[in-house]
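Peer 1: Given next are the chains, with one letter for each unit.
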Amino acid sequence: MAPQRGDSKKRKAITRDSPEADEVLLSDGGDEEFLLDGTVSQSEDDSDEEENDVYSIDGGSEDDIRSDEVPSEDEAASNEDVKINGLGTVHIPQKETEDGDLEASNYTVTADANGNPRYVYNSIHPVYDSDDSDAPATTNTIGNIPLSLYDSYPHIGYDINGKKVSRPAKGEALDALLDSIDVPKGWTGLTDPSTGKPLELSQEELEVLKRIQMNEVPEEGYDPYPPTVEYFTGKTEVMPLSAAPEPKSRFVPSKHEAKRVMKIVRAIREGRILPYKPPAEKEEEDKEVKRYDIWANEAPRPDHPMNIPAPKLPPPGYGESYHPPPEYLPDRAEKKAWDEADEEDRDKDFLPADHDSLRKVPGYDRFVKEKFERCLDLYLAPRVRRSKLNIDPESLLPRLPSPDELKPFPTGCGIIYKGHEGRVRSVAVDPSGTLIASGGDDGTVRVWGLRDGDQRWSVKLGTDEAVNVVRWRPGTDTRVLAAAIGEELYLIVPQLVTAEREGPGADITDRSRDIVDAGWGYAASNSANGPSKKQPAAQWIRPASTRLQDAGVLVKITLRKTIKVISWHRRGEYFATVSPQGQSHAVAVHTLSKHLTQLPFRRLKGLAQSAQFHPSKPIFFVATQRTIRSYDLSKQELLKTIQPGARWISSFDVHPGGDNLIVGSYDKRLLWHDLDLSMRPYKTLRYHKKAIRAVRFHQGGLPLFADASDDGSLQIFHGKVVGDLMENASIVPLKVLRGHQVRKELGVMDVDWHPREPWCVSAGADGTCRLWK
Amino acid sequence: MDFPDGGREPTHQTQVRLQLRSRQADISLPDKTGPILVNTNLRRYALSTLVNTLLQSEKPIPLEFLINGTFLRTSLEEYLTANGISAENTLTVEYVRAIVPPLYLASFEHDAWVSSVDVLSSTSGAGNWMENAGFAPGHERILSGSFDGSLRVWNMSSEVLATSNSRTTPAIRSVKFYSPTQIVSSGDDCAITLWKYLEDQGTLSASLVPKLSLLGHSKSVECVAVHQRSNRILSASADGSVGLWSTKQSEGPSVPAAHLSSLAGNKRRRVSDHDSTPQRGPLSAKKAHSDCVSAAIFAPSDSTVGYSSSWDHTLKTWDLTTSTVVDTRTTSASIFSLNALPSLSLLAAGSSDKYIALIDPRTSATTITAMTLRGHTNSVVSLAPDPDSSYGLVSGSHDGTCRVWDIRSASSEKDGRVGKSIYTISRESVKGEERSRVGGEGIKVFDVKWDSKIGIVSASEDRRVQINQGKGMLNNDTPKAQVLQ
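Protein chains in written order, with UniProt numbering: chain A, 1 to 773; chain B, 1 to 485.
Since the hints were made in silico from the structure, they are not lab data.
All of these numbers come straight from a predicted model, not from anything done at the bench.
Just so you know, even glycine gets a beta-carbon here, dropped at the ideal spot from N, CA and C.
You may find that some hints are simply not true.
Computed spacing ranges between beta-carbons, pair by pair [as the list claims (entries may be wrong)]:
1) Val736(A) - Glu78(B): 36 to 44 Å
2) Arg603(A) - Asp415(B): 57 to 65 Å
3) Asp415(B) - Glu394(A): 22 to 30 Å
Now the stretches of chain A that chain B is said to cover, found in silico as 3 or more residues with beta-carbon under 8 Å [said to hold, decoys possible]:
4) 226–240
5) 299–312
Hey, can you work out the whole structure from these sequences and the hints?
Peer 2: Here it is, written out as structure tokens:
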């Protein structure tokens, strides 16, 4: 039990200031022995105070010490022995002798501020042993007293010779003043939360705190890295310590070794021990990954155009130098551009950089990547000599034939037909190709000689309204002209050969008259049959004035609304008129031989714009503002609804083949429809700056079509339709014909083709017709 | 014009050998004349003087020099440099009589557009077809037909001697002097009319009386050609037919029944004051063209052969005795005019495509178009050969100009030989502002004739017959007569 007790004593001695220790002392108030023992051991270990402190810190709590170090009695005894042996025998008698003195004079018990007993120890009388001559000569001769006590003196203590040790040079008077301000020692300004008293820290405590704050060992002067104490020296002694000769045993082969060796030899002979064979250094092969050496079969080959050796890397240039010439160094803008560029877009992989010396060149960060890419280049880039294809992107476009190859087409103004006052609204070339009919704002219909531009005939149909449309009846054997002014429609046989000069040329006129007049009888008989029927759609009468009759105006048909479009059936038996404002009367189909007018559409969706007969089949096309509908006349049903996508259709024309349609619109578009292909336009041509007024196919076998626009120009297109269904129509713009002047936002009002030649005739708002050829 | 610098001799003067030739017999050098070494700085005038010296002609003849088909307009040196010819070569130079520019002489004003014109002179076909044709020298006449349907006969001092009845009638398309006393006209009335033309001796008046109406075409008769010796008229009509008619009333058949019957329908409105004019039908009228026939002519050497041209791009050769088409030649554009170049056996055809094609009508010819003459900017509607030269030609076009061509001056281009006009006659009425006339607006030339006595006579939309000097423009190298034999 003694060592245990000793331990606890030691502990108490160290932690004497701590309240726990006080408590312990209080609780064991009667155990005087313990205290005594403690003091004894304290005195014993005076010289080793530091060691003990360290020890106590190392040891944890009391319980730990106990649990760890409770030895059996025997061991304890032996320990005591060892202790005695180690520390020497001097202390024990000393202990015994001093016991009494200690009790009497070593300390006095006073009461502290709290009323607790306080032990005030007397000063120690130093003995000889206590003299520590090894301690370094201290320069502080005043001892451990505050320096402030010397404040009033010019010196601090005295040296060994009794001379004053002068104070080191002191700071300013202000500093002195500051120093003189009395702040309680260890004042922190904090309050101890447990006691409520101002918390004052002693110098040591502050030091400890400071060290903790500095992340140092709290113990002052503790060296965590003490110099190594070499217990076994590493130095080789040259001279042996002993001069004795080597013992004989050193030179006698060891029998034990021989035994061991023989044992191994036997084992080897018997094959129990196999000689060491280094394991084959096999790479762990992944069965699933197949590897190929692509250069395994590569053999040096003779120089041949088809064999391209691996391209060599270009030799490094000045820019790759560690210290390139200044002109190779990038400026800030280049550097910025290089940084911002995508990695693949950079023209070089590095930026030249300047280094003073080669040893300052950093490692190349792209080295691995560069080598890897080089490998990729070597085996991924096919080394085949290949003729490079320089393809002009233009050549990939489908080649439009040059207009020169598509001749003939109209190229310039041939004849100007002048005579109309005001706009010419409509123009038509007669089926024989020698006459032109035109109608205009002055209310006249004029017939011109196509070649020479001479006016052959004219008649004034009205004064206050314009002739909106003139159309010749198809067929070369007759010469019948249909002209519409206002809501009146006239059938005219122009009296080109005057009556006075009887000529054989009259026969064509007579034939035409016969055809036009043939319906009178039918109409008369019909009206006789059913007089009670509702009002007919139109009235067919002979014009009243003899002036008109003499001029050749034979029939006057009165409809309800202004007629804008006349279109003849190819046989010349029927013709259709369109009056856009007419609603249910908008589209009328007239039968020439019966003088009969029919209204095929009771109701039309939208305003009717134009109507056309199919060139070969019994199909009738009607255009409203947005759509074109085709009707089968024999079955009386709707066939197709064509949607050109234009906002307002102005006119359309049917290709002589019957399967294609061109549509002109007021929103500047010319649309080509392939009826077999789609209901939507096959091609949209936007070349005009203003509305398109008229479109027309060449009817005589030439693949041409033309449009007339308000911008005063006509455009001629090549539009070839191939019979082969696999091939689409080829449309080539050929020529812009300018010449008509724009008057009041109107340019070219109408266009028509010569029946055979590549000539077209246009009617302009400037009062002229022009022949283009 | 440069003057020959014979006096001063430049020290470093290059010289070139010239082989001078001429196709004209009267001015050609003797055959033995070898190449002549001349200085290269000579120009046309110096060369002309040189040749005149060689010819020892009393009166200097102005000459033009053709080298490789182009007229020499610069000095020889510049020509050699421009064409990259070495001065060491021997140049073959053809010289011809120089052309005098077609000076404007006079204009005869009309009331309406003048559609056609013809001349009567001692050298014209009507004037000299017979020794005693009745033409008195000095009585040159100009006949014009206009779009208002009237005929006018003018003397050379721009006085109207006779006018057909001035009532509005269909336009006259073609007029011809048949003889000094007979006139043939045709027009939109679909008929050909033979007029009796009688001048009052002493007074400036004459009478013009229709003598015979030739009916049979159903559309306007665009062109008539006459052959006096065989009393034949060849007509081209817009209905596509070519008619052959006789001028003798006794020879002609009666008017076809189809035409007569058609007259019956409108009898009530017809004034029968023409009943006095005898009517005759065609000897033959065959529809061979699919479109309007623009012109028909007799072959210059053979009156049994005719040529007709049409808007349907074709040129047909007719055997007139049987009235059959012997040959058809197709060109690339509508032909609006046709005339013959007698001594070259070529036909000049003016087309709607603005050029004149020289067509070899012989069946043996391999190429249809021997040469094209380019320069007009609108349809060529009239052609007339030079009476004095077999290589000359004048054309009238809708662009308002007449152009004079020498077919020897031509260059080879990718589409055959192409000739350029040597003179352009513009309308005097719009002098200076021809450029502003788009498409010959208002100045279209409808007809042109070239007579050696009168000159170049052209009829135009500007209501004028314009006469330009035509004498000696090209050199008369062929003594052959221009009239039909």
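Peer 1: Next step is simple, just say for each hint if it's right about the structure.
Peer 2: Hints and how they fare:
1. Val736(A) - Glu78(B): 36 to 44 Å: Given range 36 to 44 Å: holds, Cβ gap about 41 Å.
2. Arg603(A) - Asp415(B): 57 to 65 Å: Holds, at about 60 Å.
3. Asp415(B) - Glu394(A): 22 to 30 Å: holds, 28 Å
4. 226–240: n = 0 at 8 Å, threshold three: violated.
5. 299–312: violated (count 0)
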